[in-house]
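Visitor: Please arrange chain W with the ligand on chain D, whose structure you already have, making use of the hints.
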Amino acid sequence: MPNVMIRRKPDGGLLFYIAKKDQEDVISKVEVDNEEQWGGEVELTDGSRYYIDPVSPPPRFPTTLRFKRAV
Amino acid sequence: MAAISKEETEALIQEVLEVYPEKLKKDRTKHLTVNDHEVEQSKKCITSNRKSQPGVMTVRGCAYAGSKGVVWGPIKDMVHVSHGPVGCGQYSRAGRRNYYIGTTGVNTFVTMNFTSDFQEKDIVFGGDKKLDKIITEIDQLFPLSKGVTIQSECPIGLIGDDIEAVAKKKSKELDKTVVPVRCEGFRGVSQSLGHHIANDSIRDWALGARDGDDSFESTPYDVSIIGDYNIGGDAWSSRTLLEEMGLRVVSQWSGDGSLAEIELTPKVKLNLLHCYRSMNYISRHMEEKYGVPWLEYNFFGPTKIAESLRKIASHFDDKIKEGAERVIERYKGEYEAVIEKYRPRLEGKKVMLYVGGLRPRHIIGAYEDLGMEVVGTGYEFAHNDDYDRTIKEMGNATLIYDDVTGFEFEEFAKKVKPDLIGSGIKEKYIFQKMGIPFRQMHSWDYSGPYHGYDGFAIFARDMDMTLNNPCWNMLKAPWSQSSEEADAVAASA
Ligand code: SF4
Chain D
1 MPNVMIRRKP DGGLLFYIAK KDQEDVISKV EVDNEEQWGG EVELTDGSRY YIDPVSPPPR
61 FPTTLRFKRA V
Chain W
1 MAAISKEETE ALIQEVLEVY PEKLKKDRTK HLTVNDHEVE QSKKCITSNR KSQPGVMTVR
61 GCAYAGSKGV VWGPIKDMVH VSHGPVGCGQ YSRAGRRNYY IGTTGVNTFV TMNFTSDFQE
121 KDIVFGGDKK LDKIITEIDQ LFPLSKGVTI QSECPIGLIG DDIEAVAKKK SKELDKTVVP
181 VRCEGFRGVS QSLGHHIAND SIRDWALGAR DGDDSFESTP YDVSIIGDYN IGGDAWSSRT
241 LLEEMGLRVV SQWSGDGSLA EIELTPKVKL NLLHCYRSMN YISRHMEEKY GVPWLEYNFF
301 GPTKIAESLR KIASHFDDKI KEGAERVIER YKGEYEAVIE KYRPRLEGKK VMLYVGGLRP
361 RHIIGAYEDL GMEVVGTGYE FAHNDDYDRT IKEMGNATLI YDDVTGFEFE EFAKKVKPDL
421 IGSGIKEKYI FQKMGIPFRQ MHSWDYSGPY HGYDGFAIFA RDMDMTLNNP CWNMLKAPWS
481 QSSEEADAVA ASA
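Chains as they are written, first to last, in the working numbering: chain D, 1 to 71; chain W, 1 to 493.
No wet-lab data here; the hints were simulated from the structure.
All residues carry an ideal CB built from backbone N, CA and C; glycine is no exception.
Among the clues, some could well be false.
Taking CB as the label site, the calculated pair distances span [what the hints assert, rightly or not]: (1) W:R343 to D:P10: 32 to 40 Å; (2) D:E31 to W:G95: 46 to 54 Å; (3) D:I18 to W:K129: 55 to 63 Å; (4) D:S48 to W:I159: 35 to 43 Å; (5) D:E31 to W:I101: 37 to 45 Å; (6) W:A209 to D:P54: 36 to 44 Å; (7) W:K417 to D:I18: 34 to 42 Å; (8) D:P10 to W:F125: 49 to 57 Å; (9) W:R345 to D:P10: 33 to 41 Å; (10) W:G126 to D:E36: 29 to 37 Å; (11) D:G47 to W:R345: 45 to 53 Å; (12) W:G95 to D:P10: 35 to 43 Å.
If we strip away everything but chain D, and leave its shape as in the complex, we get (with noise of 0.2 Å):
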């Protein structure tokens, strides 16, 4: 259950950053995305995807959440 900061990058697009392992990763792909919700499966751009309940109303980036692994 890594602790997992999530900031906007210039072009728009969301990073990933693991804190514990110093890893930064572009978010591919966000399973709910909405006006009221955002989370669900989260896939990376190197195909490790992570699982958070989806959070409402969707956060202001940055911000750290709790995510799970995803299986």
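Guide: For chain W with the ligand alone, kept in the frame of chain D given last:
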């Protein structure tokens, strides 16, 4: 080495690793790679931030070095106590050349060494009482000090002293900032964790001091310089450029910086981050908590400076954008003259780098401005996010080495035959004896500044002075001399 192919470089790595036992060889293979622009994520080709293997020479430091030496040390108006035995602080005292303005011993304390000088009895009975007394003494002897940081050395963590409790108590008693830093040397694999711990302690014990206090008059052009340690005056030659383009530099972290500047940083509009490795943590925190965005920049060499100035300006209005163009224009004549003078003397020369922090990638541009080529680079304590950023800067099929061992570095140098090596003091004399021109790139070999346009002129001069020094041809290691030469030396004695 432009002609060398990817396969040849790979073969070179294998050849060098040949002497290792199987297990070590397997481990070290992961830390060495051939640069390939196709690879987007460095974790596919290089492993970093792992424990060094026993039996090899590494040049890494400890967490205490990362906190006391790098992040906290240069904050000039605080007293940084090396808490524990005397050696850690004494042998690293003032070695980093963090310049500052002030009267040492009166209102600034950077080059002094403060220690709690642990003895056996402190280890046996604990050192909290002693620490308490020391902080009182510091306040009496140096009333102008704005605060104290407690930089833990190894024993503190081992004997379980409660420095946080002492810090809280003394802070209340003296009405000064007292910061306990749990940067015991054994934490983590290198100084890198020390940076992180120090950043966290700034966050927890100092940064929020002026939250909710709006008495500071801010302007829309407030920025801060983060991760510039003012080595040989680096931050000053950066600051002038920013000010000239119309920005107001509110704080410098941490070279020539002060506690007040730290406390004001959350109020700026943009954090300018030079050394990503050592201060990205606090920048991320400020972005999350205070909404201050951060931006990485690079002030080595005119190409990168112009690029960075424009990038910084793009976050502000037209006035600043024009300011950036004006600054670039103003220094154009100066840096073109530098390039015109030195480029012919340095053109085509090959450089190998092995440093820490930001330099293995940031300086590449400055060498390229002089027509030189960086054929190998590596970090002592980088993480993969650093290598992600390095891949783009380096040429294809060049060497990248992580936490390179003394043996590997020497072998690479013998095979790649660089014209210049830039690394630290521990490597300096080996390579000089091998007859390879060498610059100590941690503290600029007692020179500097190297940042900014003014710094570039000094950088170019230094590289020329080293590379084209006639002494290198006269140096031959005693063991590689033929017996006649040795006899001749003996006869002349
Ligand atoms: S490893 Fe421990 S004893 Fe050695 S310098 Fe670092 S803090 Fe001091």
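Visitor: Does each hint fit the structure? Answer for all of them.
Guide: Structure-based check of all given hints:
| no. | hint | result |
| --- | --- | --- |
| 1 | W:R343 to D:P10: 32 to 40 Å | holds (33 Å) |
| 2 | D:E31 to W:G95: 46 to 54 Å | holds (52 Å) |
| 3 | D:I18 to W:K129: 55 to 63 Å | violated (41 Å) |
| 4 | D:S48 to W:I159: 35 to 43 Å | holds (41 Å) |
| 5 | D:E31 to W:I101: 37 to 45 Å | violated (54 Å) |
| 6 | W:A209 to D:P54: 36 to 44 Å | holds (37 Å) |
| 7 | W:K417 to D:I18: 34 to 42 Å | holds (40 Å) |
| 8 | D:P10 to W:F125: 49 to 57 Å | holds (55 Å) |
| 9 | W:R345 to D:P10: 33 to 41 Å | holds (39 Å) |
| 10 | W:G126 to D:E36: 29 to 37 Å | violated (55 Å) |
| 11 | D:G47 to W:R345: 45 to 53 Å | holds (49 Å) |
| 12 | W:G95 to D:P10: 35 to 43 Å | holds (37 Å) |
In terms of the numbered hints stated before, the structure departs from hints 3, 5, 10, listed from lowest to highest.
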